[in-house]
Amino acid sequence: MNMADERIELPQGTLDLLILKTIALGPQHGWAISERVQQMSSDALQVKQGSLYPALHRLERHGWIKARWSVTENNRKAKYYELTGSGRKQLENQTDSWRRLTAAVGRILDTA
Amino acid sequence: MISDLLFRLRAIFRRHSVEEELDNELRFHLNHEIEKLMRSGLSREEASRRARLALGGLDQVKEECRDARGVSILETAMQDIRHGMRGLWRNPGLAILATLTLSLGMAASTVVFSIFQATLLRPMPFRDADRLVEIWETRLDRGIDQASFTEANFWDLRAQNHSFEEVAAIHSFEANMTGAGPAEKVSGSAVTAGFFRTLGVSPILGRDFLYEEDRGGMDNRVVILGARFWRNKFNGNPEIIGKTLRLNDQVYTVVGVAPAGEPWLNEQMFMLFGYRPDADRGSWEFGVIGRLATGVSDDTARADLQQVAGAISQSFPNEAKGLGFRMGSSSQWGASNDTRRALWVLLGAVTFLLLIGCMNVANLLLARGTARQREIAVRSVLGASRARLARFVMMEALLLSGFGVALGLALAYGALRVMQSLEISGIPRLADASLNLWVLGFAAGTAALTGLLSGLAPALQGWGSGVAAALRESDRQKGSRGQGRLRAAMVTGEVALSFLLLVGAGLLIRSFGQLMKVNHGFQTENRLVFSVNMPEAYWKDGVGKQFMDRFFERLSAVPGVIAVGAVGNRPVEGGNPGMGIDSNSQTADRQSPWAGWRVVTPGYFRAVGLPVLRGRVFDENDKPVWAEQGQPAPARRVMISDRLAKRIFPNEDPVGKHVNLWKRQGDWDAEVIGVVGDSRERGLTSDPTLTVYLPYGRNALATEFVAHTSGNVHDLAPVVRSIVADLDPNLPVTDIRSFQEVVTRSVAPQRFNAILLGVFSGLAPLLATTGIYGVLSYSMSRRTSEIGLRMAVPIEYSIQPGRGGN
Numbered sequence: 001m002n003m004a005d006e007r008i009e010l011p012q013g014t015l016d017l018l019i020l021k022t023i024a025l026g027p028q029h030g031w032a033i034s035e036r037v038q039q040m041s042s043d044a045l046q047v048k049q050g051s052l053y054p055a056l057h058r059l060e061r062h063g064w065i066k067a068r069w070s071v072t073e074n075n076r077k078a079k080y081y082e083l084t085g086s087g088r089k090q091l092e093n094q095t096d097s098w099r100r101l102t103a104a105v106g107r108i109l110d111t112a
Numbered sequence: 113m114i115s116d117l118l119f120r121l122r123a124i125f126r127r128h129s130v131e132e133e134l135d136n137e138l139r140f141h142l143n144h145e146i147e148k149l150m151r152s153g154l155s156r157e158e159a160s161r162r163a164r165l166a167l168g169g170l171d172q173v174k175e176e177c178r179d180a181r182g183v184s185i186l187e188t189a190m191q192d193i194r195h196g197m198r199g200l201w202r203n204p205g206l207a208i209l210a211t212l213t214l215s216l217g218m219a220a221s222t223v224v225f226s227i228f229q230a231t232l233l234r235p236m237p238f239r240d241a242d243r244l245v246e247i248w249e250t251r252l253d254r255g256i257d258q259a260s261f262t263e264a265n266f267w268d269l270r271a272q273n274h275s276f277e278e279v280a281a282i283h284s285f286e287a288n289m290t291g292a293g294p295a296e297k298v299s300g301s302a303v304t305a306g307f308f309r310t311l312g313v314s315p316i317l318g319r320d321f322l323y324e325e326d327r328g329g330m331d332n333r334v335v336i337l338g339a340r341f342w343r344n345k346f347n348g349n350p351e352i353i354g355k356t357l358r359l360n361d362q363v364y365t366v367v368g369v370a371p372a373g374e375p376w377l378n379e380q381m382f383m384l385f386g387y388r389p390d391a392d393r394g395s396w397e398f399g400v401i402g403r404l405a406t407g408v409s410d411d412t413a414r415a416d417l418q419q420v421a422g423a424i425s426q427s428f429p430n431e432a433k434g435l436g437f438r439m440g441s442s443s444q445w446g447a448s449n450d451t452r453r454a455l456w457v458l459l460g461a462v463t464f465l466l467l468i469g470c471m472n473v474a475n476l477l478l479a480r481g482t483a484r485q486r487e488i489a490v491r492s493v494l495g496a497s498r499a500r501l502a503r504f505v506m507m508e509a510l511l512l513s514g515f516g517v518a519l520g521l522a523l524a525y526g527a528l529r530v531m532q533s534l535e536i537s538g539i540p541r542l543a544d545a546s547l548n549l550w551v552l553g554f555a556a557g558t559a560a561l562t563g564l565l566s567g568l569a570p571a572l573q574g575w576g577s578g579v580a581a582a583l584r585e586s587d588r589q590k591g592s593r594g595q596g597r598l599r600a601a602m603v604t605g606e607v608a609l610s611f612l613l614l615v616g617a618g619l620l621i622r623s624f625g626q627l628m629k630v631n632h633g634f635q636t637e638n639r640l641v642f643s644v645n646m647p648e649a650y651w652k653d654g655v656g657k658q659f660m661d662r663f664f665e666r667l668s669a670v671p672g673v674i675a676v677g678a679v680g681n682r683p684v685e686g687g688n689p690g691m692g693i694d695s696n697s698q699t700a701d702r703q704s705p706w707a708g709w710r711v712v713t714p715g716y717f718r719a720v721g722l723p724v725l726r727g728r729v730f731d732e733n734d735k736p737v738w739a740e741q742g743q744p745a746p747a748r749r750v751m752i753s754d755r756l757a758k759r760i761f762p763n764e765d766p767v768g769k770h771v772n773l774w775k776r777q778g779d780w781d782a783e784v785i786g787v788v789g790d791s792r793e794r795g796l797t798s799d800p801t802l803t804v805y806l807p808y809g810r811n812a813l814a815t816e817f818v819a820h821t822s823g824n825v826h827d828l829a830p831v832v833r834s835i836v837a838d839l840d841p842n843l844p845v846t847d848i849r850s851f852q853e854v855v856t857r858s859v860a861p862q863r864f865n866a867i868l869l870g871v872f873s874g875l876a877p878l879l880a881t882t883g884i885y886g887v888l889s890y891s892m893s894r895r896t897s898e899i900g901l902r903m904a905v906p907i908e909y910s911i912q913p914g915r916g917g918n
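Chains A and B, in that order, are what the protein sequence lines are.
The opening residue of the first sequence carries number 1 in the working numbering; numbering runs sequentially from there.
The opening residue of the second sequence carries number 113 in the working numbering; numbering runs sequentially from there.
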């Protein structure tokens with residue numbers, strides 16, 4: 001619990017972006033995605049595991065990612081998610097607008 | 113879009129595999145998490161516990177995943193229905209009670225709406241009905257703002273107008289049809305050649321009347337049969353075209369079959385009425401309809417009509433003095449304003465009834481919902497969202513209203529059948545009312561609305577109340593004060609609505625009762641009325657009069673018969689021919705009264721029980737006011753009704769005075785020989801009429817007979833038939849009814865309204881009581897432990913002042 005308190009909760013809507021970014025590197029299953037997000041953010045971000053799966057299903061419904069069952073390196077069946085064409089475009093758009101947002105917010109904070 | 117749809121479809125149809133995949137996916141996740149935690153040195157149990165904790169409630173995650181997949185609406189709806197059914201099943205008493213109260217309201221509203229729809233909403237079966245109009249004559253200088261057309265004025269209007277694509281005149285006729293089985297009376301419309309073209313309909317078989325046939329009055333003996341008559345009488349045989357019928361001893365050729373349809377078209381047959389140059393301009397007999405030409409506005413048409421009227425009255429300053437035309441929209445054809453108003457009132461009443469039903473269901477669900485608060489709280493702790501719980505309660509309400517509407521439709525179907533079999537007159541197109549798609553749609557809409565309305569409050573209850581509070585094991589759970597107030601308000605509303613209905617129905621029933629008590633003028637007890645339809649030959653050479661006199665003689669001799677008479681137009685039900693009439697000493701240009709005229713036999717007054725107030729009754733020496741062919745005009749004598757006497761001869765004794773009959777049309781001089789009591793000739797809802805009575809004779813027959821008997825009127829009917837058949841087997845006796853029945857039928861619409869509203873208002877308190885029962889039984893069940901406590905604790909300690917001291 002202590003550990004968790006120091007982590008930053010994800011702002012609304014950024015989870016989708018992180019998922020898209022994570023699987024842009026290659027197909028991943030759910031657990032790996034949550035692990036990867038935490039590793040890449042050096043454990044600074046806390047992805048609630050409970051909210052990861054609904055997000056994955058939502059993205060799948062939008063057609064940005066697609067899922068298929070495959071076998072892991074340990075020979076276990078897992079559901080792998082990968083980016084679709086429109087997902088890639090979505091990732092670019094969202095990354096772009098995220099950058100602009102943080103830049104703008106940053107400028108304001110710096111000048112104030 | 114498409115992929116989204118496919119995704120959803122897959123989710124629906126392959127629900128099991130989707131669910132399975134979700135299970136597998138989450139299990140895979142948990143396993144990985146557990147392994148990771150175990151690698152950091154935790155025991156399996158601890159690792160498993162932490163992994164689950166990290167994921168959150170498994171069911172909740174699944175639920176959210178389902179939501180995210182977007183299939184949940186349909187899927188959870190199915191689930192809700194299953195749950196709802198189970199919930200209702202647990203408490204069948206409540207479910208049945210609620211369903212019953214709703215179904216009563218539903219049945220009532222469906223019946224009323226189906227009549228409403230058939231009468232007011234269903235389009236008429238005519239092409240571009242909005243361009244159809246009805247036209248009347250007016251004589252505004254004499255205060256007549258709506259009268260039938262005279263024949264000549266119609267021909268002139270047809271020739272001179274510039275606004276109508278087509279106009280047509282209609283006149284009713286009755287004829288004896290012979291040669292096809294026993295003599296039969298048929299009725300129909302005599303119409304001008306453009307009649308069907310005006311309405312924009314074509315014969316379903318054969319041809320329309322031709323413009324080439326349009327001459328010679330009734331001499332062109334061609335008929336078009338009505339669809340129903342054709343089916344019933346001729347079994348829908350298409351060979352009928354070109355065949356001949358014998359009507360009033362004349363041979364008519366069938367040229368076509370008209371489509372069925374209300375109004376105008378549901379006649380037995382249509383005769384051609386052709387143009388003739390020597391048409392009569394004095395007698396107002398024809399109904400006229402017209403079809404506006406394309407692009408002609410109502411105002412243009414009215415101006416055109418006025419111009420034509422002006423031209424006619426200039427050419428015929430006597431007969432057409434003050435002539436004007438009035439045009440009315442065809443939208444009135446479906447139902448009179450009275451019927452419209454009555455239907456709206458009934459629709460309002462059933463809305464109240466439905467509202468009461470809604471509040472009932474809401475109340476019952478509310479009460480139960482409060483009792484189930486613990487269950488709901490447990491469910492919400494287990495991960496059900498508030499919205500889901502609200503949906504759950506809503507689903508119960510919707511299910512109830514679904515059952516309600518199903519049962520209600522069955523009831524409505526039966527009720528409609530009963531009403532149609534009773535053939536309540538005065539409700540136009542009642543026979544057409546059915547549970548068609550419109551009505552079913554209405555019922556479905558009402559059911560949905562009812563479900564939503566009645567589910568709203570119960571679904572929202574518990575929204576604000578704390579879970580923890582509800583979970584606390586306690587019989588003294590309060591519900592919330594707000595809910596109590598809501599329920600009280602609803603019960604109050606129910607009672608108020610049902611009282612509103614009761615009072616409304618009470619008023620209506622009372623005014624109906626007064627209508628029935630109103631002084632008719634004539635007596636209806638022990639009177640039999642019947643029509644003897646005499647053919648054209650009877651009007652020549654005194655054949656008809658001879659028949660009538662012999663018939664009277666035979667019938668009067670029957671034991672029990674007190675008086676017999678006949679009149680040209682049956683009271684209450686029959687037509688109302690009229691004339692302008694005034695004292696002949698009246699030279700000033702005052703407004704002469706308009707009075708109905710009736711040809712009567714001397715015995716008529718005694719037969720219907722009209723008192724002779726002054727003077728005497730006609731006798732054998734009084735001849736018809738019309739001169740027989742080749743004879744000089746007779747000395748005309750008439751009797752008048754009391755009101756008419758007071759109008760033309762105020763403060764004078766009218767007996768012996770002279771009047772002008774057909775004022776400004778014929779101005780025939782006649783002597784008043786008697787004054788008769790007033791009667792409500794035009795029905796109970798109308799004022800007593802101004803009436804002139806004219807004597808019958810060789811060329812003035814009266815076809816509506818009245819017999820007063822001391823015995824049972826219906827025993828007299830076969831006697832009448834056999835006497836008529838004995839005198840002339842080709843004469844049909846029709847429309848045999850007791851006079852009482854005639855009057856009763858004439859107020860059928862009022863009776864119908866009073867009965868329906870009475871039934872509805874009777875249901876209302878029943879429903880309201882059910883609602884009150886629901887609330888009381890709930891609050892009692894809540895206080896069971898309190899009451900138990902009071903019973904257990906000695907009475908001295910209970911907080912009942914006044915009792916404790918004893």
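Just so you know, these hints were derived from the structure itself, not from any lab.
Model, not experiment: these values are computed from the prediction.
Where hints are given, some of them may not hold.
Calculated Cβ distances over 12 Å to all of chain B for the following chain A residues [stated by the list, open to error]: (1) Ala24; (2) Ser51; (3) Glu92; (4) Gln94; (5) Trp98; (6) Arg99; (7) Arg100; (8) Leu101; (9) Val105; (10) Gly106; (11) Ile108; (12) Leu109.
In silico negatives: residues of chain A with every beta carbon more than 12 Å from chain B [claimed, not checked]: (13) Leu10; (14) Gly13; (15) Thr14; (16) Leu17; (17) His29; (18) Glu35; (19) Pro54; (20) Ala55; (21) Arg61; (22) Asn74; (23) Thr95; (24) Thr111.
Listed next, the stretches of chain A that the computed footprint assigns to chain B, with coverage defined by at least 3 CB atoms under 8 Å from CB atoms of chain B [as the list claims (entries may be wrong)]: (25) 38-45; (26) 76-89.
No residue lacks a Cβ here, since even glycine has one placed at the ideal position from N, Cα and C.
- Item | Hints breached by this structure | 2, 17, 18, 19, 20, 21, 22 and 25
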